[in-house]
Amino acid sequence: MRYLKLLVFIVGLVFISTSAALAVRPINVAIIAEEGTLVGDAIVNGAKLAVKQINAKGGVDGKPIKLFIYDDHMKATDAVQAFQRAVYDHHVVAVIGSWISEIALSLEPWAARLHTIYITTGAASPKITEKVHKNYRRYKYIFQLKYNAIEMAKTVCNFIHDDLANYHYKTAYVASENAAWTQPLDEEYLKCLPKIGIKVVGHLRFSPNTTDFTPIFSKIKAKNPDILITGWAHTGLQETVQWHEEKLPFLIVGINAQASTSDFWKKSNGATEGIITQAEGSPAPITSKTIPFVKSYEKMYNITPAYGGYTTYDAMYILANAIKKAKTTNTNKLIKALEATNYVGVMGHIKFYPKSSPFAHGIVYKKGLATGVMLQWQHGKLETVWPSYAATAKVFIPPFVKK
Amino acid sequence: MNLFWQILIDGFIISSIYAVGVVGFSLVFGTAGVLNLSHGALLVVSAIFFWFFVSNFHIPLVLGMAGGIIISVIVSYLLFIIVINPIDKSKKIPQDEKEVFVLTATLLWSMIIEEILIYFFSSNPVVAPPFVKGVLKIFNMNITCNEILLSLSSIVILILLWLFINKTRTGKILLAASMSHDGLAISGIDLKKVYITLWGVYGILTGVSGALLASFLGASPSSAGPLTGLAFSVVVLGGLGNITGSIIAAFLIGYIQTMTAYLISPAYTPIPAYVILILILMFKPKGLFGRF
Numbered sequence: 001m002r003y004l005k006l007l008v009f010i011v012g013l014v015f016i017s018t019s020a021a022l023a024v025r026p027i028n029v030a031i032i033a034e035e036g037t038l039v040g041d042a043i044v045n046g047a048k049l050a051v052k053q054i055n056a057k058g059g060v061d062g063k064p065i066k067l068f069i070y071d072d073h074m075k076a077t078d079a080v081q082a083f084q085r086a087v088y089d090h091h092v093v094a095v096i097g098s099w100i101s102e103i104a105l106s107l108e109p110w111a112a113r114l115h116t117i118y119i120t121t122g123a124a125s126p127k128i129t130e131k132v133h134k135n136y137r138r139y140k141y142i143f144q145l146k147y148n149a150i151e152m153a154k155t156v157c158n159f160i161h162d163d164l165a166n167y168h169y170k171t172a173y174v175a176s177e178n179a180a181w182t183q184p185l186d187e188e189y190l191k192c193l194p195k196i197g198i199k200v201v202g203h204l205r206f207s208p209n210t211t212d213f214t215p216i217f218s219k220i221k222a223k224n225p226d227i228l229i230t231g232w233a234h235t236g237l238q239e240t241v242q243w244h245e246e247k248l249p250f251l252i253v254g255i256n257a258q259a260s261t262s263d264f265w266k267k268s269n270g271a272t273e274g275i276i277t278q279a280e281g282s283p284a285p286i287t288s289k290t291i292p293f294v295k296s297y298e299k300m301y302n303i304t305p306a307y308g309g310y311t312t313y314d315a316m317y318i319l320a321n322a323i324k325k326a327k328t329t330n331t332n333k334l335i336k337a338l339e340a341t342n343y344v345g346v347m348g349h350i351k352f353y354p355k356s357s358p359f360a361h362g363i364v365y366k367k368g369l370a371t372g373v374m375l376q377w378q379h380g381k382l383e384t385v386w387p388s389y390a391a392t393a394k395v396f397i398p399p400f401v402k403k
Numbered sequence: 001m002n003l004f005w006q007i008l009i010d011g012f013i014i015s016s017i018y019a020v021g022v023v024g025f026s027l028v029f030g031t032a033g034v035l036n037l038s039h040g041a042l043l044v045v046s047a048i049f050f051w052f053f054v055s056n057f058h059i060p061l062v063l064g065m066a067g068g069i070i071i072s073v074i075v076s077y078l079l080f081i082i083v084i085n086p087i088d089k090s091k092k093i094p095q096d097e098k099e100v101f102v103l104t105a106t107l108l109w110s111m112i113i114e115e116i117l118i119y120f121f122s123s124n125p126v127v128a129p130p131f132v133k134g135v136l137k138i139f140n141m142n143i144t145c146n147e148i149l150l151s152l153s154s155i156v157i158l159i160l161l162w163l164f165i166n167k168t169r170t171g172k173i174l175l176a177a178s179m180s181h182d183g184l185a186i187s188g189i190d191l192k193k194v195y196i197t198l199w200g201v202y203g204i205l206t207g208v209s210g211a212l213l214a215s216f217l218g219a220s221p222s223s224a225g226p227l228t229g230l231a232f233s234v235v236v237l238g239g240l241g242n243i244t245g246s247i248i249a250a251f252l253i254g255y256i257q258t259m260t261a262y263l264i265s266p267a268y269t270p271i272p273a274y275v276i277l278i279l280i281l282m283f284k285p286k287g288l289f290g291r292f
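Heads up: the protein sequence lines correspond to chains A and B, in order. The numbering of the first sequence is our numbering, which starts it at 1 and goes up by one. The numbering of the second sequence is our numbering, which starts it at 1 and goes up by one.
These aren't lab readings, by the way, just hints derived from the structure by calculation. Keep in mind that the hints are not guaranteed to be accurate.
Computed Cβ-Cβ distance ranges for the label pairs, DEER-style [claimed, not checked]:
| hint | chain 1 | residue 1 | chain 2 | residue 2 | range |
| --- | --- | --- | --- | --- | --- |
| 1 | B | Ile-82 | A | Lys-191 | 55 to 61 Å |
| 2 | B | Gln-95 | A | Glu-187 | 20 to 26 Å |
| 3 | A | Arg-25 | B | Gln-95 | 58 to 64 Å |
| 4 | A | Asp-78 | B | Tyr-268 | 24 to 30 Å |
| 5 | A | Lys-351 | B | Phe-4 | 34 to 40 Å |
Below, computed lysine-lysine pairings styled on DSS-like, alpha-carbon distance capped at 27 Å [to be verified]:
| hint | chain 1 | residue 1 | chain 2 | residue 2 |
| --- | --- | --- | --- | --- |
| 6 | B | Lys-137 | A | Lys-402 |
| 7 | A | Lys-195 | A | Lys-221 |
| 8 | B | Lys-137 | A | Lys-170 |
| 9 | A | Lys-381 | B | Lys-133 |
| 10 | B | Lys-137 | A | Lys-403 |
| 11 | A | Lys-170 | A | Lys-394 |
| 12 | A | Lys-223 | B | Lys-133 |
| 13 | B | Lys-137 | A | Lys-223 |
| 14 | A | Lys-219 | B | Lys-137 |
| 15 | B | Lys-172 | B | Lys-91 |
| 16 | B | Lys-167 | A | Lys-221 |
| 17 | B | Lys-133 | A | Lys-221 |
| 18 | A | Lys-403 | B | Lys-91 |
Predicted, not measured: the structure shown is a model, and the values here were computed from it. Every residue gets a Cβ at the ideal spot worked out from N, C-alpha and C, and that includes glycine.
Produce the complete structure using the sequences and hints provided.
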């Protein structure tokens, strides 16, 4: 009888501890990012902040989210290994991250093969969503929570049309680094600039390893453009400094991803004064959630977020909401819930394009939903200059630039 | 005509900075027989610390540069004490395999430095403030006074190095070491002291070059590999260990890159220089000017 009581006690103990363990089993999510880079760090930081807030409010239906963070060292092979480890070893519900299009494209076949949701929150190539559109059954696992390069170019053109009209700028030179995301970006620049009355007087692409921009600027200067239109993410600092030091008389407008965070002022010793760049978010009233998010982020990390911070923060909330809505972490049900997303985040009102769209599973780019912002460095501060409802300052033209 | 002057002036500026950046690599190979694959990492160390001291403590540029040079000398000595010397003294490593061990160890040392720099400073590039401000308009070109100063400083450094090696007793000992270690030992010169001097001079050279790079091209931890690659290419082209050959080769590569950027496309800047390098390795393996 004594042995029977002991057996019952042990079985009971095992049952209770197993149930307790099962009750708090976390929802595993992987972050794959390029740590040590401005955008990569922002991806990790945005995810951590969102998870901290979600878990502080009781998690997702009582279950906490657990992050597994991998550094891909800007290499596709490391990213693929991390993806496999996340799925096989950590049984993640979804993988989020990477700002490099080449890496996101290399992860897509693995998301399809391993039937795992992958949300890129930094890569801009439209090829990412084109695959989903062309072969939905195979690639339905992939989402792009970031404006693609075509939409980014549209934002730049819309800004020039809306905010630079008073300066009567007529000519532009397009200069982008050679990368997967800048090909469609440049193509769209070359289409949309003439439509807004800007003549393209030159176009060049340069190696992302370029450090001396003197020959490039000499070529550009020879064409005497009013505006230099850019597609810079791997590069950005050296060009900015050289433009400032040589007092080149054209305005720089476009994508200068490194310039979208507060750290850039110090890194460029203030040479970034006057630079205008597109971004997914900014410390501005884009939605009611944006400024509180930036304040929490700055408090936690002592820097304003680069675009990957805004997108990944929203991605974590969108994923959490989808799990709540689907009431399961079953991948197919979760995909349906993600496709039905209708969420006001820190970067705007987010909905995903349907599978019939060439940008299937990309975020809908539309006035009233989400369009991105244009930022400008003014007297050491990163101001939002477009769209008007989120603007914190008007455009300023540096003294050495023609007006 | 304008293009000619642009290529001539821009090529001269970039080549002179390349020359001062690679001359230390050549000196260490010529004197100690060390093919130091952490050369680029040392340049980056001094560049980043120069930027760090100036932007965080708001000290004068010269003081910041001195800080960068001191750190570079420390890292140079650490490389010698922790990596090079133990391999050189090891009895477990066969003599004829030591070069490969040094090559591998310096490569690993470079990777360690790179990871440490990424951890503390991130992999984002930094640019140090210019030493002088202002722009000069020459042949319809905007050339910053800073570029001119950096270029002239590079030439002065190269002249000082030449004077040091050829006109001072210590320099002549280093020159002798590049010819025969045994000869030096027979003459009663303490090789240990020679090495201590060599790695100190090397640290100062990379420290100064790193600061110049930080002020003109900028630097990031990931620049370490390409900078070592550049140094390696230039030194192979000029003749391993041949300092004069390295300087001429730096100007050759600098001008080829500049001409490619101006006449073909900035997207292909490094390619012709590397093609020429491969051809040199195939048809003139001792480099254009041979070894000492």
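Check each numbered hint from earlier against the structure, then list the numbers of those it violates in ascending order. 2, 5, 15, 16, 18
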